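Below, each chain spelled out in residue letters.
Protein chains: 4
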Amino acid sequence: MEQEERHLHEECGVFGVCSSKKQDVASLTYYGLFALQHRGQESAGIVVNDEGVFSSCCDVGLVSEVFPPQRLHALGQGNIAVGHVRYATTGSDHKRNVQPIVINHFKGRMALAHNGNLTNSMPLRHQLEERGSIFHTTTDSEVIAYLIVQERLRQPSIEAAVSAAMDRLEGAYSLVISSPAKLIAARDPMGFRPLCLGQREDGGIVFASESCALDAVGAKLVRDLLPGEIVVADAQGVRTDTSHCGRTAPHLCVFELIYFARPDSVIQGCSVSRARERAGAFLAQEHPVEADVVIGVPDSGLDAALGYARASGIPYAIGFTKNRYVGRTFIAPTQAMREEGVDLKLNPVREVVEGKRVVLIDDSIVRGTTCRRTIAMLRRAGAKEIHMRVSAPPFVAPCYYGTDIDSGDNLIANHHTVEEIAEIIGVDSLGYLSLEHTRALVGREMGFCTACFGGGYPTSIPQSGEKDRFEYKIPRKPQ
Amino acid sequence: MEQEERHLHEECGVFGVCSSKKQDVASLTYYGLFALQHRGQESAGIVVNDEGVFSSCCDVGLVSEVFPPQRLHALGQGNIAVGHVRYATTGSDHKRNVQPIVINHFKGRMALAHNGNLTNSMPLRHQLEERGSIFHTTTDSEVIAYLIVQERLRQPSIEAAVSAAMDRLEGAYSLVISSPAKLIAARDPMGFRPLCLGQREDGGIVFASESCALDAVGAKLVRDLLPGEIVVADAQGVRTDTSHCGRTAPHLCVFELIYFARPDSVIQGCSVSRARERAGAFLAQEHPVEADVVIGVPDSGLDAALGYARASGIPYAIGFTKNRYVGRTFIAPTQAMREEGVDLKLNPVREVVEGKRVVLIDDSIVRGTTCRRTIAMLRRAGAKEIHMRVSAPPFVAPCYYGTDIDSGDNLIANHHTVEEIAEIIGVDSLGYLSLEHTRALVGREMGFCTACFGGGYPTSIPQSGEKDRFEYKIPRKPQ
Amino acid sequence: MEQEERHLHEECGVFGVCSSKKQDVASLTYYGLFALQHRGQESAGIVVNDEGVFSSCCDVGLVSEVFPPQRLHALGQGNIAVGHVRYATTGSDHKRNVQPIVINHFKGRMALAHNGNLTNSMPLRHQLEERGSIFHTTTDSEVIAYLIVQERLRQPSIEAAVSAAMDRLEGAYSLVISSPAKLIAARDPMGFRPLCLGQREDGGIVFASESCALDAVGAKLVRDLLPGEIVVADAQGVRTDTSHCGRTAPHLCVFELIYFARPDSVIQGCSVSRARERAGAFLAQEHPVEADVVIGVPDSGLDAALGYARASGIPYAIGFTKNRYVGRTFIAPTQAMREEGVDLKLNPVREVVEGKRVVLIDDSIVRGTTCRRTIAMLRRAGAKEIHMRVSAPPFVAPCYYGTDIDSGDNLIANHHTVEEIAEIIGVDSLGYLSLEHTRALVGREMGFCTACFGGGYPTSIPQSGEKDRFEYKIPRKPQ
Amino acid sequence: MEQEERHLHEECGVFGVCSSKKQDVASLTYYGLFALQHRGQESAGIVVNDEGVFSSCCDVGLVSEVFPPQRLHALGQGNIAVGHVRYATTGSDHKRNVQPIVINHFKGRMALAHNGNLTNSMPLRHQLEERGSIFHTTTDSEVIAYLIVQERLRQPSIEAAVSAAMDRLEGAYSLVISSPAKLIAARDPMGFRPLCLGQREDGGIVFASESCALDAVGAKLVRDLLPGEIVVADAQGVRTDTSHCGRTAPHLCVFELIYFARPDSVIQGCSVSRARERAGAFLAQEHPVEADVVIGVPDSGLDAALGYARASGIPYAIGFTKNRYVGRTFIAPTQAMREEGVDLKLNPVREVVEGKRVVLIDDSIVRGTTCRRTIAMLRRAGAKEIHMRVSAPPFVAPCYYGTDIDSGDNLIANHHTVEEIAEIIGVDSLGYLSLEHTRALVGREMGFCTACFGGGYPTSIPQSGEKDRFEYKIPRKPQ
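Residue numbers (numbering that gives the first Met the number 0), protein chains in the order written: chain A, 0 to 478; chain B, 0 to 478; chain C, 0 to 478; chain D, 0 to 478.
So that you can see chain A by itself, here it is in the shape it has in the complex:
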């Protein structure tokens, strides 16, 4: 994965737990969010629900920064908790957008954590505003909360309100919601973002974006939520509403398997680690090459590299040492330093690549700049040939479903052929995984969203610019 200039970001991770007995659900959520930290590193939040009394703490920072022991402890015990990690929007207002959002409405409090992106949030927001609604944030989550609360006026239960609200939502959403007495999880009918259900030995129900968060709280993975499913957990047990399921084909974001998710997570019954190895094996099949060693760009390229090595018979090696101390406060080298070859995050192991023909596996090329630097580093370390293999197809279109793969202008594959890219980044050969093989990553027939790879948008998409209505200056009247 490219670094620094252009990282791809999953926008969020969600977590929820519901226990029949009052306990330290804050700590469970802390551990769960900690395991989901790779899905969002800019802000974190936990809301504890103790029989209808909500305590919350949300702030900018990593989970470990937002929650020093005394702040975690201050959340107290409860039956239900909801947590969230996210990439915050930038600017001085970014604190306003931390999640879970906690609101008061006529039925009490509600906490809501959201992973994904609506494609019709602006029209929905306008409709709400025209009726006098006010918004504190610029998040889709607040729009969703409004719809649920307004449906609740007419519906007999919170889950019925969620179901009715879902009739009005378009796009990607994996939600975890706490009402005073219930924990509710819901996934959009296309299932863009993952969301799974687990159970702890004490019977506690857990919802999480990825199964690695279940492991982190000692819960067993029961199953993924179906696209469109609503699951309710409360003192009476677990109930499911599948009325929105099956109306449309599933469209799981395939980049979850390729990059976003942790290798130890299992999504739709498929080990992420295994899917990546499979990608490597497909690459070996599609783009074979004579070489001495296969190395992966850590961490997300390692499994695919191993897959390539196994399928090709070329030895696998550990080609880079990654500095584990790169944090958010780290001072990056200047441009001048970088040109001298300084890369503090990644350093090639000279022994492994010197004088060798190297197959280098990464999961994507966005702009190509980081990639080019990594390759230059390998050359300086003595690599004789570099054959780059990318475990995904080229990015050619922006994502509207909760990642920041943005405007086509920034995507190198939109302006250049594969041969041109190979020359730009300085490799001897370059091969991308085909769209067909990408769709086969889980080893069985399954519906994926491949919009960013040119596979087409499964929904209508937002009109350009409509999202930033309040970020532009208004014209001032003449004085």
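To be clear, the hints were calculated from the coordinates, so they are not data collected in a lab. Treat the hints loosely; a few may be bogus.
Copies of the same chain look alike in the list, so a pair counts if it fits in one copy or across any two.
Taking lysine to aspartate or glutamate and the EDC-like style, the derived pairs with C-alpha atoms no more than 16 Å apart in a straight line are [unchecked claim]:
| id | residue 1 | residue 2 |
| --- | --- | --- |
| 1 | K344 | E169 |
| 2 | K181 | D403 |
| 3 | K106 | E129 |
| 4 | K219 | E200 |
| 5 | K20 | E418 |
| 6 | K321 | D298 |
| 7 | K219 | E353 |
| 8 | K321 | D223 |
| 9 | K219 | E338 |
| 10 | K106 | D240 |
| 11 | K383 | D291 |
| 12 | K106 | E128 |
| 13 | K181 | E64 |
| 14 | K219 | E339 |
| 15 | K383 | E289 |
| 16 | K20 | E50 |
| 17 | K321 | E169 |
| 18 | K344 | D223 |
| 19 | K20 | D58 |
| 20 | K181 | D223 |
Here the structure is a predicted model, which is why all the values come from computation and not from measurement.
On the provided structure of chain A, position chains B, C and D as indicated by the hints.
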């Protein structure tokens, strides 16, 4: 003023500035809030409006803590800014209630800062909730924002919407509001809390809770807003709406003069310093005594002490040294240490009181505990007689208009006669200012709220407990 | 006292406590240092000695900042503690100079806190260096520690070593030292800096720079140490060594009485508050004027103002409100803002000065810039005439005994007559206290150091520049 | 490597740079220390020498925490810089021991950074103390500094003084020292700790504990310093003194290769990565087993696992996902949580191990507790058999040369046979690398220290307890 066990807290200070030219309004607001810091020390916030684009920063802490230089600088330049200092509610949720609140609605953004307390916020909140509104905070400010936004649907301008909303609000409110293009100040028809209008040499309009904040930004005090007045400042100039004025008698909180406001502020044309001296003079008249020296409890008792001294002819002296380094992070002495006579905030000047008959002036007695300790300290320092004079009547009733003078149970004067209190706190004599003289503090006829002194509530008051609806646990259904 | 541009700084405050029973001596020292905070606001340190095991914490910041509860608690209990507050030197190295210094030597550990300034530290340092000594700091304290340790090689006890070291020290030093089993206080033979002895009810012995720190720990002032005296406290009781006493006339820094010390402290049997009032009375006698009101610049000018008022019969008033929230992180107004009249620390009370002939009392004028601004502020507030009276003579010479009254170049009185200064700062008349009256401040014959007022240096003084040997660049050899 | 209960810690990393032109040597040192962060995570320090004027900043924390941009920037430019990372001693005094130490002596300033541990520091310290020396820290570094300064009295140059001091030092030391005009590196005659020399394209000379720090500043590895070598860099170039070389056999700590060093470092001409692979291959030879997959405990077990896989023909796999967000402020799970199987740092990839016979490679077993938990985790994830192979011999003796492998009592291998350990930690078989193979890790004859594996101490060792002289309470005299 009593300390530690029971401080009386003003709940907020508000500030706003509107300039015809874009400038560093963030710094002006910083200076203004800094001068209003005594009105609220738990959180601070500034919103800068740059032609409709709002940047904000609000957090828990003193003004100087919330705004290190880089954060203040990050707010950028603008034409309008709104600021707020407040006492945050306690608990893990307190960050949600920082102000100014900033919301998006169908006409753009709005920032709102509020000082005071509504007496009908719960019924208003219920009405809004029943129509599907959601609340992010438990503040009255959000209720007010809702009403304004909903009136805006029907009204031709933001100021008309404010005016219409005021028809529905009861209680105390001094508001400063920024719409995309206007700065609006409004004061409730009874004028419980102060709010004044100033002008800078460059023509910029400033609103502030107290005139000391005008001094802090180089602005001249123009006048106080009338009770019920709405003033609008924008690129076209300053306009006023007095349609809510004069419908009811004014009820300025008299404790603003006695304690809350800074001595260098001028409220309703009266110098706070002068009002306090007058209180001291009245006390000398009501409760004369033979003594050697008059001293005041710093800082709010000093002016009254000087007034007592002048009126009585007894020499004034500076009887205490106050430690200026007591901050929020200070470790207070243990109970055991206190009983040994350790008081780190205040130390008597032995030279001044030793062997003397002392008149001690303070502005209030709440529970009596701090007071008793201060007096014990004076005894240890050798005071022969102590005659306490309080520059206000006894507290006997809670305040619903924006201060935390709470339930009668905690008020010593509700359970004891003046003679009993004198004995409890250990003085040779005790005298309170009469309600009549209290009403005469500004030196002319004027309407005050004296509810906390038993003067009666000028509005209906909230039903007990209704405010904490979401703070109590809900009964869980049997499983 | 002038502010911002040119504050006069006392360099340090020292504190020590010795208890026969193990107790929370860290907290006692915290309270003591807190009361001495005015003597040094840049760094603070506490060393706890628990039967020879020393725990220490010293850092840059106010006492309340350096010691959050967990850090204070971590120091544990002990029999002896030593504390220090100071003005740190600037630059990135300043952390190295925090005190008390704690060292290991052949007899165990030693902690040492020092207030004052040696005049022969450079020659002493050179002698030590020439024998191979290394220095971690640039403080005099380390030089003193070295001398004591080296004398200890020859002397039978730590107190004998202190006594022998004193034979070699010149200049100002008030020391508090802990050896493994003893607490020792020593004062230079001229007694430049104050140092007093107190006793707690539990028998614990306390040493402190000022008696206000005794009050803060519930100790009674026993007496000041004699100039040249060494007092030892340990489990056997208190012993004194007066062998260095009386060899020379005492030279207490008179500016301790005028400005540095807290009004509630008693130095050499004289209340600081009373000395200042006396200064005001002398001023009234030396420089009478017809006026309507006497005001003091807070806080150090208030007592003198009261003294002037009493002696002259002109009414005393409280002319300024001081903002109590000015801390170290405060963002000061820009020069442009200041010229608009913004002063966030001090605001005149218009009511008090408007249309009046004002006598303004301050304790010093250094450069004159702050003074001029304060006076401009009074003019803007409507003062008709301003007659400034300074409760000390003009500064004309640098101090080498532990304050930062530095090179004559920065002192306005070195370049201008009183009349010129009056014109520069913008007052109608100006009068300084005479040197004769300054020497009479305690109301009886007593030896003072008045070197900064031109009274002559009682010791030889350091050669210029010798102190900064390691701060200047060395010439590089040609390559 | 075992985690949490018992981590093995390298005690320090050192870095120095000397440039002929003044430049941002602080940033170079920052990058170098960042690459050496794995050698010490408790404190960090940088000293910049600008023609004899030293600026320094040393504090507790990671490099990125100690040096926010403004602090790094404040160090300014210079010709020479010295840096250090370390494990601080615990307790409130730990700040005193941060490095590099900076001292003043008769020839100017000196900064010194030290990696290693003297075995005769106590006798040396006693000798110094007996001559009246004082110590501010409890580090060996200060003893070394003293010896150098005292030799400097007799020697013509700083390098000659270092050389003379080395005659008196015993044990492990890799030093980087800055005098006003020179940068000096020195390595003890046995070469316990690594130290290498590099050069930047601009000619700048760099010294570092490991070559990965050279890569981080764009420098090429020239060579390792010889055991006993002193290298001097200054404006005149680079000079070497090998007079201490070859007096004794080299004794490089073999655990540097096995665990401490980064895989991308090259030590004594051997790639650390390659040495670890070789360890894995030796293990496959010594302890073969039938299995389905070979996995390594990240990160230090991965290379050895790959070596085992290659040599045995059993497939290599990535068996664990490591959470990259575990930092110093992380809240670890409670014991109860751990027993539920919660391990937030490491999670097995179920797909990889389920139903498999697993060879698990780690680099050491200390107490066995962490190990046991990791194995239980693998069992829960479905591993059918677990065969543990350790890429080093068992620990049986404490280390006195700069790591914290301590008293034999805590070492499981001291109390149990290999079979017993296998049963305790729950594996089906267990094999350690033999001492013979350990000595062959670099692929050629070379002298190693293998004392901790029972290979015997190459020097005399310190007497027990002598180090903590000042940490024990002294007996108090009867009162």
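List of violated hint numbers, smallest to largest | Numbers 1, 2, 5, 8, 10, 13, 17, 18, 19, 20, in rising order.
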